[in-house]
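Protein chains in written order, with our numbering: chain D, 8 to 173; chain C, 476 to 577.
These are computed hints drawn from the structure, not numbers from a lab.
All values derive from a computational prediction rather than experimental measurement.
The beta-carbon is built from N, C-alpha and C at its ideal position, and this holds for glycine as well.
Computed list of chain C residues with no C-beta within reach of chain D, every gap over 12 Å:
# : residue
1 : Leu574
2 : Met575
3 : Lys576
Simulated restraints, written as ranges between beta carbons of each label pair:
# : chain 1 : residue 1 : chain 2 : residue 2 : range
4 : D       : Thr31     : C       : Asp573    : 24 to 30 Å
5 : C       : Asp570    : D       : Val167    : 27 to 33 Å
6 : D       : Gly118    : C       : Met575    : 37 to 43 Å
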Amino acid sequence: MTAEQIIFFLTAALILISALMVVTTRNLVHAALWLIATLFGAAVLFATLEASFLAVVQIVVYIGAISILFIFAVMLTRRNLLDKVSQTNAGWPWAAGIAIAAFAGLVFLAGQMHNAGAQKGEVFGDPLMALSTALVSPDAYVLAFEVASIMLLAALVGAVYIANRK
Amino acid sequence: MVPLSWYIFLSAALFSIGLYGVLARKNAIAILLGVELMLNAANINLVSFWRYGNTALMGGQVFSIIVFAVAAAEVAVGLALVIAIYRTRKTVVADELDLMKW
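Build out the structure end to end from the sequences listed, making use of the hints.
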């Protein structure tokens, strides 16, 4: 077993265990902290996949901003049925069944892939340079990039309006 | 070496855990946490397809960045809605938010 595989298994264990804690733990602040662990594991995976920019963005945007938003929201809605009451719907066995069926279906589909055993090739050139060029080049993804930025602006203005006390 | 399928299986498992969280949890904020897990599973898939395919084509990473933007927008609007609802109804339990139910 190579070092890469050991890192992958450790990261996968971190991601799956903390994701399970996110969906099962009773205290929502703890769930948000477990979500940070999951996101950090995903950042490690991005780093092993040589997507350095995405690894940094994952830490800055997801862990730095989104998780903190979650913790703020949990603290602003305090009476969050902490004790006694069940944290899950009455229909949670159905939800578990649907999730397991979805997992089985996804694994089946992944097994049908013809290049499932593919290995990593060489990275051509500088991926960070190629990514930044692709984001602003008219031949590539500049339209999608601008639409995403306008959507983010509209969503944030809308969020301020919705959460604003009238 | 790590083959592509391992990343795919990991993201399938992460997606299913997030799906369970969305379907089973009562608290509206916990449902949004499940959505975050599902978006992250999609991101892991996109980046691993980029890495194992032609790395000169940046579509996978660009789409992943757009998923980041969508996730940030979704969380901002979703949590604003939850806080606005909490202010008027004093609850964040999704089952009790039946104002628009016929």
